[in-house]
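Asker: Let's have the full structure, built from the sequences with the hints guiding it.
All letters in the sequence shown, in the order written, are residues 40 to 232 by the working numbering.
Treat the hints with care, since some could be wrong.
Said to hold, decoys possible - With beta-carbon atoms standing in for the labels, derived distance ranges:
| hint | residue 1 | residue 2 | range |
| --- | --- | --- | --- |
| 1 | Ala180 | Ala231 | 38 to 46 Å |
| 2 | Pro185 | Arg85 | 20 to 28 Å |
| 3 | Thr178 | Ala232 | 37 to 45 Å |
| 4 | Ala180 | Ala160 | 16 to 24 Å |
| 5 | Gln64 | Ala193 | 24 to 32 Å |
| 6 | Leu216 | Asp159 | 28 to 36 Å |
| 7 | Thr164 | Asp224 | 34 to 42 Å |
| 8 | Ala231 | Gly122 | 38 to 46 Å |
| 9 | Ala189 | Arg46 | 20 to 28 Å |
| 10 | Thr140 | Ala196 | 17 to 25 Å |
What the hints assert, rightly or not - SDA-like mimics (lysine to any residue), calculated; alpha carbons at most 20 Å apart, straight line:
| hint | residue 1 | residue 2 |
| --- | --- | --- |
| 11 | Lys84 | Asn194 |
| 12 | Lys143 | Glu190 |
| 13 | Lys84 | Gly202 |
| 14 | Lys84 | Ala201 |
| 15 | Lys143 | Leu191 |
| 16 | Lys98 | Ser118 |
| 17 | Lys143 | Ala153 |
| 18 | Lys143 | Glu186 |
| 19 | Lys98 | Trp109 |
| 20 | Lys96 | Gly124 |
| 21 | Lys143 | Asp174 |
| 22 | Lys98 | Met83 |
| 23 | Lys84 | Gly205 |
The set of hints was computed from the structure by calculation and includes no laboratory data.
Glycine residues also receive a C-beta, built at the ideal position from the N, C-alpha and C atoms.
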Amino acid sequence: MTEALTRTTFFFDFRSPYSYLASTQLADLPGAFTWRPFDVLELMKRVGNAPTSVTCKPKQAYARQDLARWAGLYGVGLSPNPGMGGIDGRRLLHAALAAETHGKGEEASRRLFAAMWAGDAPLATSDDLSALLADLGVTPALVDAPERAAELEANTAAAVEAGVFGAPSFLTEGGLLFFGNDRLDFLRRALAA
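Answerer: Written as structure tokens, this is what we have:
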């Protein structure tokens with residue numbers, strides 16, 4: 040008889056480079072993960088948080104260096120998509136949710152993270168996203184379906200309910216919340232206990 044794997048919810052938003060970095064490390068952590076995309080900007084409004092790297096110029100400069108350090112430590116690419124300014128973050132989240140309708144949400148999310156933070160694939164339109172995820176059953180109609188907005192809202196509300204205040208966040212089955220790429224060692228210890 041095998042013991043059931045501990046399942047941890049990974050709350051993420053593709054707009055968060057730290058979510059990208061954390062996503063590259065999940066395979067090395069104990070247990071299994073449920074990937075749950077949510078709208079971090081909407082969540083922040085609801086919980087009274089603000090993305091300080093947007094409003095604080097010194098933190099912006101520091102974040103670029105910090106991200107490069109983490110990418111080097113993990114041995115992963117970090118080269119923000121050249122079309123970053125024209126990418127609708129909510130559309131990316133909708134694309135991941137569209138793939139989830141075929142049970143391919145995690146695979147789609149990994150591709151979207153790589154394209155956003157270590158690639159150059161076009162990501163501006165639903166057609167672009169469909170081209171990237173076509174073999175996972177994602178079509179422009181699935182990305183743009185009204186159900187995606189409702190699913191994203193449900194995930195965002197669930198994150199608020201869980202006490203999430205930013206991305207990435209991890210919620211264990213036991214109700215422990217860990218925030219940030221830099222808390223993966225604490226998560227690892229909790230999952231191994």
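Asker: It remains to establish, for every hint, whether it holds in the given structure.
Answerer: Outcome of the hint check:
Evaluation of the 38 to 46 Å hint for Ala180 and Ala231 yields a pass: the beta carbon distance comes to about 43 Å. The given range of 20 to 28 Å is respected by Pro185 and Arg85, whose C-beta atoms sit roughly 21 Å from each other. Between Thr178 and Ala232 the beta carbons are some 43 Å apart, a value that agrees with the proposed interval 37 to 45 Å. Our hint of 16 to 24 Å for Ala180 and Ala160 holds, since their Cβ atoms are close to 20 Å apart.
Remark: the range hint 24 to 32 Å for Gln64 to Ala193 is upheld by a beta-carbon distance near 27 Å. As the Cβ distance of Leu216 to Asp159 is approximately 35 Å, the hint placing it in 28 to 36 Å holds. At about 39 Å, the CB distance of Thr164 to Asp224 agrees with the hint of 34 to 42 Å. The hinted window of 38 to 46 Å between Ala231 and Gly122 holds, with their beta carbons roughly 40 Å apart.
Restraint check, Ala189 to Arg46: a C-beta distance of roughly 24 Å satisfies the suggested window 20 to 28 Å. As the Cβ distance of Thr140 to Ala196 is approximately 19 Å, the hint placing it in 17 to 25 Å holds. About 15 Å separates the Cα atoms of Lys84 and Asn194, which keeps this hinted pair within 20 Å; it holds. At roughly 15 Å between alpha-carbon atoms, Lys143 and Glu190 fall within 20 Å of each other, so this suggested pair holds.
The straight-line distance between the Cα atoms of Lys84 and Gly202 is roughly 13 Å, inside the 20 Å bound, and the hint therefore holds. Under the criterion of a C-alpha separation no larger than 20 Å, the hint pairing Lys84 with Ala201 is consistent with the structure, at around 15 Å. Taking the CA atoms of Lys143 and Leu191, the gap is about 16 Å. The hint holds against a cut of 20 Å. Between Lys98 and Ser118, the direct Cα distance comes to roughly 19 Å. Compliance with the 20 Å bound is thereby established for this hinted pair.
As the CA atoms of Lys143 and Ala153 are separated by approximately 16 Å, the hinted pair is consistent with the 20 Å bound. Of the supplied pair hints, the one linking Lys143 and Glu186 holds, its CA atoms being roughly 17 Å apart against a limit of 20 Å. Under the criterion of a C-alpha separation no larger than 20 Å, the hint pairing Lys98 with Trp109 is consistent with the structure, at around 16 Å. For the hint linking Lys96 to Gly124, the alpha-carbon distance of about 18 Å falls within 20 Å, and the restraint holds.
For the hint linking Lys143 to Asp174, the alpha-carbon distance of about 10 Å falls within 20 Å, and the restraint holds. The suggested pairing of Lys98 with Met83 holds, with an alpha-carbon distance near 18 Å, which does not exceed 20 Å. The hinted pair formed by Lys84 and Gly205 meets the criterion: a straight-line CA distance of about 11 Å does not exceed 20 Å.
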